[in-house]
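**Student:** These are the residues of each chain, in order.
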Amino acid sequence: MIEILAVLGFPLAGAALLVVIGERRVAPTVNVAVSFLTFAAAVALTARVIVDGPLLVVITDGPLRFLDHQFFVDSFNVFLVALTAFVGFTTAIFSRPYMRIEQEHGRLTAGRLRLYHSMYQLFNCTMLVALLTNNMGILWVAMEAATLTTVLLVSLYRTPASLEAAWKYFILCGVGIAQALFGTILLYFAAEKLLGAGGGALLWTELDDVKGHLEPTVLSIAFVFLLVGYGTKVGLVPLHNWLPDAHAEGPTPVSAVLSGLLLNVALYAVVRCKVLVEGSLHTTFARDLMMGFGLLSVVVAALLLSRQKDVKRLFAYSSVEHMGIITFAFGMGGPVANFAALLHMTVHSLTKSAIFFTVGHAAQKSGTQIMDEIRGLITSSPMLGWGLILGTLAILGMPPFGVFASEFLILVTAMAEQPWATPFLLASLGLAFAAVFSKVQPMVFGESTAKRLPVRPAMIPVYIHLALVLMLGLWIPPFLAEWYRQAARLIG
Amino acid sequence: MAGLPLYAQLINLLAAILLLLAFAMLTQRRVLSLVNLFAAQGVALGVSTAIVAYGTGQGHLYASAALTFALKVCLLPWLLHRLIRKLDVKWDVEGLINVPTTMLIGIVLVVFSFNLAYPISQLASTVTRATLGIAMASVMLSFLMMITRRKALPQVIGFLAMENGLFFAATSATYGMPMVVELGIALDVLVGMLILGVFFFQIREQFDSLDLKHMEKLKEGD
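As you go down the protein sequences, you meet chains A and B in turn.
Mapping of the first sequence onto this note's numbering: residues 1 to 492, in sequence order.
Mapping of the second sequence onto this note's numbering: residues 1001 to 1222, in sequence order.
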């Protein structure tokens, strides 16, 4: 319990602290420190779960009684909590020099950094609440809060394009998330008959116990709303319109956490719902829907990749593609596909945030996000160039990186269970490779046009992420593999 | 309707008013009147929640009725009025395209919602189950309103009206969500409104207008 309170308390307190600190020069350092404390608390929580197994918070009396049964950590969310806290921490390290350079380039005032830092911490807090809560209603509240905290981050530069992106983001995700609320209401409606009115009927653990008796008609309608609602946040086609704009126009650290973390958390919500619906329906309805949306996202994103000119939009579409792959894998279900999907969530998150770190600095060096005007990164700063090219190879599924392992497992399962889908998947992966590699390669090699940066960029997070992805491709730690297996069984 | 107790009839009446207001909002051109319609919807929602609370003896619904009054009748309309005054868009009139077509689509949506809600309301044991279709219809109509509007403020009012419809759905299907969730939703709506307030000024500063037609630079595939 104490670990959970720490995981949620540090970013919340940090947000308040950063409002007070405001424009002082220590603010970025405090941001890193708070993120580190959150990460440390998440590690403690993870260690606790490794030792004691799944954790359901039970408080029978005392002042915290209202939190009874409200938090739940199992093998499915524990690694996502650790991942979220970790990427939150490394992104804070990256953002320290990055935001200073942005300030020196005159894109930001010091006052806006106050907003940026406190919102960044609040955003981390809402994602962690969404992951840790046991209450499907609170999950919804936290997802909506995550949208709200990032709207002002996307429009941080106050350029016309960034305002437009933020507006689109707010309206589309707001509408989407309203659909998810309707789905949650229907879920509560079905559950209330079995569990009685009151807080208990939205607790995931209780719902999981009675899922076989939930009314199938209501749950199938509820799932459509929940999938459309949370799917908007995942960026599934055709609800993905906000995603490339928000990624391209917001500050790069925000793009990194949106792609690396928020999409995962939204997908986590979808999968939690899918477990309940599947248990109630005993048909392939939920699976078919998820496979359909997933495959459509993969194909459409792969086709759109080659038309991109803006480097951040390119990698945003690549996120749509990967989220599609993961959704498709969860839709197929079964121990192998679920295992692969969970692994893919982890490696995509690490790789994509690393790519955004390098892309952010590359754009700063060239003064533009247009790919045709970014050239020769490797001659002007080898660390940056190598980071980008290695990250790109990793995300495109080159062995020995972890993305290869998970994509390989997904493809093998697809060939065995859904052979009709395999050609679409293979063609899309091939197209994506051709499109992305042919655009990134000239950015890295060739004549350099880059300027020097006024502050040394923090390249360590990039290489830590890539090293982890490499490790996951070669060797998965036994406890992590065990979690994946347990979670895969749970998801079914 | 002879078998229905008086309070249930009142709830049905208020549900009908809610739906009418949703249609009125769909075609209202003036921003100021739109806010008033939104407030009126809040009143209908609050009163009907209070009546459900009285009729069924569900104590916690009084709290959510009070919350509705505080938030949707007082606070949000006040914030919106303030915003309109500060942005000086009081007399803004929006050229709506094709009111009759919009109305027709709205009617189709209502029929669709009633069909979708029918199997669910069959399963409901609440006295208010007949209004579930209306709740769903007002969600759909608000959705339509958001799609058809080209200005920022009406879109937001559509968004808030959609939340009204969802709240009404929760009341009619299940006598409301658990209190902690309801409080969370209320907090989100309020924070969202405040953030939007800030956001409007940013938009205005940048575009000199709240008309979203200036905002069509970002296209797919570029």
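Take the hints with a grain of salt, since some may be wrong.
Only pairs whose alpha carbons sit at most 25 Å apart, straight line, appear in this in silico PhoX-like list of lysine-lysine [said to hold, decoys possible]:
(1) Lys-193/A <-> Lys-211/A
(2) Lys-451/A <-> Lys-439/A
(3) Lys-1086/B <-> Lys-168/A
(4) Lys-1151/B <-> Lys-168/A
(5) Lys-309/A <-> Lys-439/A
(6) Lys-1151/B <-> Lys-1086/B
I should point out that these hints are in silico values taken from the structure, not numbers from a laboratory.
**Student:** Would you mind confirming whether the straight-line C-alpha gap from Lys-309/A to Lys-439/A stays at or under 25 Å?
**Tutor:** holds, 9 Å
**Student:** Is the hinted pair Lys-1086/B and Lys-168/A satisfied, with a Cα-Cα distance of at most 25 Å?
**Tutor:** holds, 23 Å
**Student:** Under the criterion that the straight-line Cα-Cα distance not exceed 25 Å, is the pair Lys-1151/B, Lys-168/A satisfied?
**Tutor:** holds, 13 Å
**Student:** Sort out whether Lys-1086/B lies within 25 Å of Lys-1151/B, counting only the CA atoms.
**Tutor:** holds, 16 Å
**Student:** Regarding the pair Lys-451/A and Lys-439/A, is the alpha-carbon distance no greater than 25 Å?
**Tutor:** holds, 20 Å
**Student:** Given the proposed pairing of Lys-193/A with Lys-211/A, does the C-alpha separation stay at or below 25 Å?
**Tutor:** holds, 12 Å
Hint violations for this structure: none, all hints satisfied.
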